[in-house]
Amino acid sequence: MQKKLSTWFHPYHAWLFLIPTLLGLLVFRLGPMVAASILSFTNWNILVKPKWVGLNNYQELFSDPIFREVMINTFEFSLIYVIGVIIFGLSLALIVNSKVKGVTFFRAAYFTPVVTSAVAVGIVWSWLLSPHYGLVNIILENVFKLSPPVWLGERSIVLIVVVAVQLWKMSGYYMILFLAGLQDIPRIYYEAARIDGANKWHSFWKITLPLLSPMTFFVSTIAIIDSFKNFEIIYTMTQGGPSNATTTLVYSVYVNGFVFYRMGYASAVAYILLIVIGIITLFNFLLKKYWVNYQY
Amino acid sequence: MKVFQKALIYALLGIIVIIMIFPFVWMVINTFNSEESIFKVPPEIIPDKLFKKDMFENYITVLRDYNFLRYSLNSFIVASLASLGQVITCSMAGFAFARMQFRGKNIVFAILLSTMMIPIQVTIIPEFILMMKLGWLNTFAPLIIPSFLVGTFGTFMYKEFFENIPKDLEDAAAIDGAGPLSMFIRVFFPLSIVQTATLFIIAFMNNWNDLLRPVLYISSTKLMTITMALTQFQSQYGARWNYLLTGAVLSILPLLIVYIVLQRFVMEGITHTGLKG
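Chains A and B, in that order, are what the protein sequence lines are.
Residue numbers for the first sequence follow the numbering used here, beginning at 120 and rising by one.
Residue numbers for the second sequence follow the numbering used here, beginning at 14 and rising by one.
Next comes chain A alone, as it looks inside the complex:
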């Protein structure tokens, strides 16, 4: 019945509307993806012509101890980040979900670091964490009489410090997602549970968490993708150092491609990055059926 009136366009009009998008998709997304895969089999430093080297780049990657460290750093960063945003995001959401006056102010305040650039955040925290005049160490030394470490200078802790700063910046975003999930849970479940004698602790484990699981799944999917986007914070706080302790795949692409000008090698790193994200996202989807419930 709708066919009669829908004659205001021809199908080719739709393609006209899509011209910019298709152009962008081909030139800036699909094209470069194909080009990067080809480049990853070459040796190229921009100045001379690219030379086909087959799997050499990949072989070099897998035998390079630095690359092994980069992989470990990447997984460590992502794992801490994803678990961290789920715990902090959910905790913040539970707190700002309370029905007290002025709670919207607190929501907005917790969201502020999200709208701030990672560069500014990196600068502020580098300053707060600096060894002698940084506020964090001044407080730890003079108030708590501790001898704090050089936060951004010690290999054993620097990665955790950088992830912590990124968590601090992004938790507010995940708070808003979890808050939307919490507000979708029908109140009637809580009332029924209360009548049956359940306390808050029980309601949280037996009602909130299971009914929130679709949102938790959505959050984990977004957080996995997001956990690889750590270039800005690393560039500003540590430049991948000290001695590669905070170099992740994303940062490694930048260093190999645009500091060492090894375009082929950097493309191989980029492809490993793509494969890693693909595998982790796939795992997340496969594991979904064991913990996500959709019944309400």
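In case anyone wonders, no lab produced these hints; they're calculated from the structure.
Please note that the accuracy of each hint is not assured.
[To be verified] Below, a sample of chain A positions facing chain B; criterion: calculated Cβ distance under 7 Å:
# : residue
1 : 133
2 : 148
3 : 236
4 : 333
[Unchecked claim] Cut-off 20 Å, straight-line C-alpha distance, at most; resulting in silico cross-link-like pairs (SDA-like, lysine to any residue):
#  : chain 1 : residue 1 : chain 2 : residue 2
5  : B       : 62        : B       : 72
6  : B       : 180       : B       : 203
7  : B       : 146       : A       : 130
8  : A       : 170       : A       : 381
9  : A       : 319       : B       : 18
10 : A       : 325       : A       : 411
11 : B       : 180       : A       : 130
12 : A       : 220       : B       : 18
13 : A       : 168       : B       : 146
The beta-carbon is built from N, C-alpha and C at its ideal position, and this holds for glycine as well.
Since the structure of chain A is provided, determine the placement of chain B on it from the hints.
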């Protein structure tokens, strides 16, 4: 709710607010410090230049002598044009996806959505080579064109919005003889003010805050964006914290003002449109 419980919640809310906001407050306070007093241990709560004659000296120095006025302007130009492009491109694509039937629609949309999870580092090397071949290195073009042309989340948002507009409106306009262009420009697009404002703000923030593209493409100081300028300043004069912090404050101030004024918009927009796009 019991008084005790309420007090506990406020205490918790207050502690977290300090953790989330205090770093910024402490930074702003210290932009009114001179270079000597910023290193004082223990630090002074009241900075030495506050309410003095040369109170804004750090700001004036950074804006004028270190060219941050110029950098802010550059960032403003880049971010405005890129966001304008996002609005045009995404609204057109969203309209086509929502209101037109054509073969291959689902495939194109699926490809568009699936490219969302690809980090920019995967495509940046070929993109850099392309920009080099085009002779666009050290211009604003590579900072603007890529986000001008394609936007996943923006398209998705417009598609959702246009899909929910009743068919009657479309039919009425069709009877009045509206073609595809006027259907879009006169009928549908004007309804999407909220979506357009949201997308513009979010795209503006993402482009303002971007670091990788400026670092790769811009080499002359005159064209640097403010985030890039900050990182350059940091590596050149790392210990001049009074100026560096002032620069950082200047880089977040415009976005912070937008956020405070249009808080709802920004929060919902970022949540709906995802992180970057």
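>> Need the status of pair residue 180 (chain B), residue 130 (chain A): alpha-carbon distance at most 20 Å?
In response: Holds, at about 18 Å.
>> What's the verdict on residue 325 (chain A) and residue 411 (chain A), does the C-alpha distance respect the 20 Å limit or exceed it?
In response: This hinted pair holds, its Cα atoms lying about 13 Å apart.
> Taking 20 Å as the top limit, are the C-alpha atoms of residue 168 (chain A) and residue 146 (chain B) close enough?
Replying inline: With a Cα-Cα distance of about 14 Å, the restraint between residue 168 (chain A) and residue 146 (chain B) holds, given a limit of 20 Å.
> Should the hint that residue 236 (chain A) touches chain B count as held when the rule is a Cβ pair under 7 Å?
Replying inline: This interface hint holds because 4 Å falls under the 7 Å limit.
>> Tell me if the straight-line CA distance from residue 62 (chain B) to residue 72 (chain B) falls inside 20 Å.
In response: The hint holds at about 12 Å.
> Does residue 146 (chain B) pair with residue 130 (chain A) here, judged by a C-alpha cut-off of 20 Å?
Replying inline: Violated, at roughly 35 Å.
> Does the nearest C-beta of chain B fall within a distance shorter than 7 Å of the C-beta of residue 333 (chain A)?
Replying inline: With a minimum Cβ separation of about 16 Å from chain B (threshold 7 Å), the hint on residue 333 (chain A) is violated.
>> Hint validation: residue 133 (chain A) versus chain B, beta carbon distance must be below 7 Å. Holds or violated?
In response: 4 Å, holds
> Is the hint on residue 148 (chain A) kept, meaning its closest Cβ partner in chain B is under 7 Å away?
Replying inline: 5 Å, holds
>> For residue 170 (chain A) and residue 381 (chain A), compute the direct alpha-carbon distance and say whether it is at most 20 Å.
In response: 12 Å, holds
> Between residue 180 (chain B) and residue 203 (chain B), is the straight-line Cα distance small enough, at 20 Å or below?
Replying inline: Holds, because 16 Å separates the two Cα atoms, which is no more than 20 Å.
>> Hinted pair, alpha-carbon criterion (20 Å max): residue 220 (chain A), residue 18 (chain B). Please report holds or violated.
In response: Measuring from Cα to Cα gives roughly 13 Å; hence the hint holds.
Checked against the numbered hints above, the structure breaks hints 4, 7 and satisfies the rest.
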